[in-house]
Each structure stands twice: as structure tokens, then as C-alpha cells.
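Kindly generate the complete structure, drawing on both the sequences and the hints.
Chains as they are written, first to last, in the UniProt record's numbering: chain S, 1 to 112; chain C, 1 to 112.
Among the hints, a few may not be true.
Said to hold, decoys possible - Subject to a maximum C-alpha distance of 30 angstroms in a straight line, what follows is the list of computed BS3-like cross-link-like pairs (lysine-lysine):
no.	chain 1	residue 1	chain 2	residue 2
1	C	Lys-107	C	Lys-69
2	C	Lys-107	S	Lys-60
3	C	Lys-69	S	Lys-57
4	S	Lys-93	C	Lys-93
5	S	Lys-107	C	Lys-107
6	S	Lys-57	C	Lys-57
7	S	Lys-9	C	Lys-53
8	C	Lys-60	S	Lys-107
9	S	Lys-69	C	Lys-93
10	C	Lys-9	S	Lys-57
11	C	Lys-93	S	Lys-60
12	C	Lys-45	S	Lys-9
13	S	Lys-45	C	Lys-9
14	S	Lys-9	C	Lys-38
15	C	Lys-45	S	Lys-107
Stated by the list, open to error - Chain C is nowhere near these chain S residues, computed Cβ spacing over 10 angstroms in every case:
no.	residue
16	Ala-17
17	Leu-55
18	Lys-69
19	Thr-75
By construction, these hints were calculated from the structure, which means they are not laboratory data. Beta carbons are placed, not taken as given, at the ideal position from N, Cα and C, and that holds for glycine.
In case you want the letters, here they are:
2 protein chains.
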Amino acid sequence: MLTSGGCPKNMLSIKDALEALEGRWKLLILFSLTSGPKRFKQIAKDVIGITDKTLSKELKCLEANQLVKRTVHDTFPPTVEYAITSHGLSLEKVIEELHYWGLAHRKEIIGK
Amino acid sequence: MLTSGGCPKNMLSIKDALEALEGRWKLLILFSLTSGPKRFKQIAKDVIGITDKTLSKELKCLEANQLVKRTVHDTFPPTVEYAITSHGLSLEKVIEELHYWGLAHRKEIIGK
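Shown next as C-alpha cells:
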């Protein structure tokens, strides 16, 4: 079992992951993009509670970590679309486990 | 597949989880406690880079979410110990998936 021992080597990889995904928004933005590429305003609508300023900052950060790809389309006026990368999609299991745990947490703690 | 569709109902449970685990420290603190109950200073030593002030704040937050239990032992002087709860241990799979993803992320992005 991974979690028996608190091994420092495992701690490093968990730390790497948490630093890349820090905050309450990044995984929600990625989750919104799993249904397909989206415009800024569409993501803002999906991720309830996020401000435009925060979304803009988080998208830049996700792009720097190669989790999201920003594409400018040569339309008139130009349109910008964000898509999840294959590296972003590799977070699927993390998102899935968070979903299950979030369900249990609501039942156990928030629901009380 | 959970991540096909960005379903709003799934979004809520992921949001619940991310709010309870917000920041880069909580899961690392819990991971440190998986090897057994610890004193404050022992956790501070395990979780490299955390300040005493942040650790103190995070432990209170983890206690409020019933992920950590604080016990005061009637010794002289009194000693305080922190232990992971069964609800905290239910994060094992989340931590495990973050560990695997962190390994891949270091290889793919940080290592470049």
C-alpha cells in the first residue's frame, strides 16, 4: 500500500502533482474541457464561482504546464479556443478518485 | 468514462473535494500521518518547506473536516499528537493517483 510509511520519495511526486494542480480551480477547468475545446466564456459558465481574472490566470498556468492548449483561429474577429492536452487527459484517474471521495465527503461531513 | 462530458453533477463532488483539500499542503500532511500518529515537529520535518504557521493553520482545517484527530496526552508537560482519521485514510486512492501522475509529470514536463 502506497500510503503506508509516508516515504519521502513518494512525497516528492505528490508534491510535484499538488504544485502543478494547486488551488481549487485547475482540475475543475480541466474537467470542463474534457467535453471538448471551449471558448473562455463557456469555461467561465461551466466552472461556477470563478472570476474572469482568476480563470485567465489559471488558464495561463495550465498552458505553462502543458495541460491546456490555446489556439487562435483566423476568423473575423479572431476567436480563441482552449483544449485539454493528452497530458491533461492523463489526470482522468485523479479527477475520478476526487469525484468519488467528494461524494463520500459530502455524505459524511458536509451533509451532517 | 467519468471525464467525458464535464457533467455539472460530477463537477459538484470534485469541487467539494478540492475545497476540503485546497492548497499544496493538506494531502502531504495526511500522507505524512499515514505512517502513524505524530507530534507537530515530526510533521513539520516530514513536510519539507512548510512553515510552522502554515502547518498549524492546515492542521486546524484538517481537524475541522474530520480528516485529522488531535489528542492531548496527560503527561508532564502535556504532549499533543495528530493522527489521521478513517475519513482521512479514505483519501488513499486520491493520494495514490496523484503520486503516479506526479511521477509522469516530472518525467514529461519538469524534467525537460
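Structure-based check of each hint:
1. Lys-107/C with Lys-69/C: violated (36 angstroms)
2. Lys-107/C with Lys-60/S: Status holds; Cα separation ~21 angstroms.
3. Lys-69/C with Lys-57/S: violated (36 angstroms)
4. Lys-93/S with Lys-93/C: holds (9 angstroms)
5. Lys-107/S with Lys-107/C: violated (37 angstroms)
6. Lys-57/S with Lys-57/C: Cα-Cα ~26 angstroms, so holds.
7. Lys-9/S with Lys-53/C: Measuring from Cα to Cα gives roughly 25 angstroms; hence the hint holds.
8. Lys-60/C with Lys-107/S: holds (21 angstroms)
9. Lys-69/S with Lys-93/C: holds (28 angstroms)
10. Lys-9/C with Lys-57/S: holds (25 angstroms)
11. Lys-93/C with Lys-60/S: holds (29 angstroms)
12. Lys-45/C with Lys-9/S: Holds, because 14 angstroms separates the two Cα atoms, which is no more than 30 angstroms.
13. Lys-45/S with Lys-9/C: Roughly 14 angstroms between the alpha carbons, so the hint for Lys-45/S and Lys-9/C holds.
14. Lys-9/S with Lys-38/C: Satisfied, since the Cα-Cα distance of roughly 19 angstroms is no more than 30 angstroms.
15. Lys-45/C with Lys-107/S: violated (34 angstroms)
16. Ala-17: Contrary to the label, Ala-17/S does not stay out of reach of chain C, its closest Cβ about 3 angstroms off (not over 10 angstroms).
17. Leu-55: Consistent with the label, Leu-55/S stays out of reach of chain C, its closest Cβ about 15 angstroms off (over 10 angstroms).
18. Lys-69: holds (14 angstroms)
19. Thr-75: Its Cβ never comes within 10 angstroms of chain C, the nearest being 24 angstroms, so this holds.
In summary, the numbered hints that this structure violates are 1, 3, 5, 15, 16.
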